[in-house]
Amino acid sequence: MPLPPNLFDSVDNPQPVAGGGLLDRRLFLRNSLTLGTMALVGQDVVASEFDRPAWMLKPGNPFSNYGQPSPHEKESIRWIAYNPATPGNGVSWTPLHTLAGTITPSGLHFERHHNGVPQIDPGQHRLLIHGLVKNPIFLGMDKLVRYPMVSRFCFIECGGNSNTGWHEEPTLATAGNLHGLVSCSEWTGVPLSIILEEAGIQPTARWLIAEGADAAAMNISIPLEKAMDDAFLAIYQNGEHIRPENGYPLRLLLPGWEGVTNVKWLRRLEVADQPAMSRNETAKYTELQPNGKARQFTFIMEAKSLITHPSPGHRLQSPGIYQISGLAWSGRGKVKKVEVSADGGKSWAEAELQEPVLSKSFTRFYIPWHWDGGKTVLKSRAWDETGAMQPEREKLILERGRNGYFHYNAQVAWLLDTEGRLSHVY
Amino acid sequence: MNQSNANNGQKRWHGKLAVFFASLCMTVALSDSSAAEGPRLGKPASPEEIAAWNLTVFPDGRGLPLGHGTAAEGKLVYQSHCIGCHGANGSGGSGDELAAAKHGLTDANPDKTIGTYWPYATTLFDFVRRSMPPDAPGTLGNDQLYAVSAYLLHLNGIITETAEMNNISLPKVEMPNREGFLYVDAPK
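Residue numbers (my numbering), protein chains in the order written: chain W, 1 to 426; chain E, 1 to 188.
Bear in mind the hints are in silico, worked out from the structure with no lab data behind them.
DSSO-like, lysine-lysine: derived pairs with alpha carbons at most 27 Å apart: (1) W:Lys284 x E:Lys172; (2) E:Lys172 x E:Lys188; (3) W:Lys395 x W:Lys337; (4) W:Lys284 x E:Lys75; (5) W:Lys143 x E:Lys43; (6) E:Lys102 x W:Lys284; (7) W:Lys293 x E:Lys188; (8) W:Lys284 x W:Lys226; (9) E:Lys172 x E:Lys75; (10) W:Lys284 x E:Lys188; (11) E:Lys188 x W:Lys134; (12) E:Lys172 x W:Lys293; (13) E:Lys188 x W:Lys226; (14) E:Lys43 x W:Lys226; (15) E:Lys43 x W:Lys134; (16) W:Lys293 x E:Lys102; (17) W:Lys293 x W:Lys395.
Next comes chain W alone, as it looks inside the complex (with noise of 0.2 Å):
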């Protein structure tokens, strides 16, 4: 898909401040005003009654219950992959390459089902909170709702995302269909401190067994100190119930937590005082190591960022200034800096992060820049509060080898050639 022809050709002539040319990341900011005439004056609108597009010749469609998307954005969909013999064990891939902002909407949040999406019926569904409490108790719906509730933005990435940054070769795909195991919501819900508060923690109590209402009964044991910090029970997603895909009507929610210890359709929490040892703690979400052991309870997305304007699929019409734009997040709080290389790697300048920068959320990164129509690669790199940087793919496979499979979190590079396409290199 055409990016937009660029309107700022001429302004002011900006120097780069790094390779490839990049340039200052407040230009824009700066020239809000010279740009918003230049724009103005580019479009060279005449209202004229002769002029009037077909849409503007008649009423337009009646009111909708539900919105739907325009019919001419059909390329923004989650693309899908899964096992033909087992159908409900697959993926959906948020299409990041055509999205803007912070948040997914909750229609294209990615999906990952062990088996299926459960249609649960919320005036029949339960929590049960038990093992090592003082008071086992049922929850239904009708009383969730009655607790109080806080609301956070939170990206939720699953653990398989990025996945084929292993191989030997680089696929080729799009930035959602290689990264776009990841999105980001406002959840509400009830702090899961107040539940277990009301359950009564014994003493000798160390995890919590959390386990879906779906046809896999998937479960997954969670450190009691998480359950208690900053846990929540999770019931709406964007302001309305969550979706069925998304875990309707109530989901864990473990801010910065790899996605599958984030249990759709909670129904059972059982408080231990060991991990349960469960087939996706052991078998599956664990990462073999060189040396032939497992990294396990990797629980933490570390900070990792790609540029998704633009990136496969994007085309660019004609040299000039464009603003690259891209998405940045980590698991262990907030976004600190991020840098954008438009020459490989060899030259680096930061990147302007939009406010507000929350902990455990995406946050977007802009810079603009003056491609001069040449062959060249786009990189960025990101850093969070803690220090903790984006490694390089070459550092990353070197620590953990290339049969890990799972949190594979190194620099995504674009090689843009001199027709203004893209594509995935390492």
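Following the hints, put chain E in place on chain W, whose structure we already have.
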């Protein structure tokens, strides 16, 4: 509503605000040591209800039901319910490779089968009971579950064909990769 009622309403509102701020201060004061109070609406769960809901099997065998089975019996269960996705002898299907590993864990293309990778035999029973087979989860009986667990352990050369798996013997099975895992973000 006349003027005096409106004033009263405003006073009541101010009063509520004062209570609200007072409770805010209390929350702040308490936040170091305890979480916010909820309305305590939970309905007590009985031991019978908990037992009916609880699916967890721990590595030490807690949660395992009564029942028993051998590899010979399990082969029939496997051929009826598992072979379509997991292939003959636990290998070569569209589903996960369960047995017949050709490469070890330090090889370039390691095979992460039950025999080479899974650290606990109890996980096998737990996972098959909760999730398998995908087209009819929750339908295998306890004897079938023990039998198919025994069959998969036997396919991986871990137990003999005649060894009976039950709630006592299954947790005692020594898995080859028992010590193969390092906790990263959790206390050991």
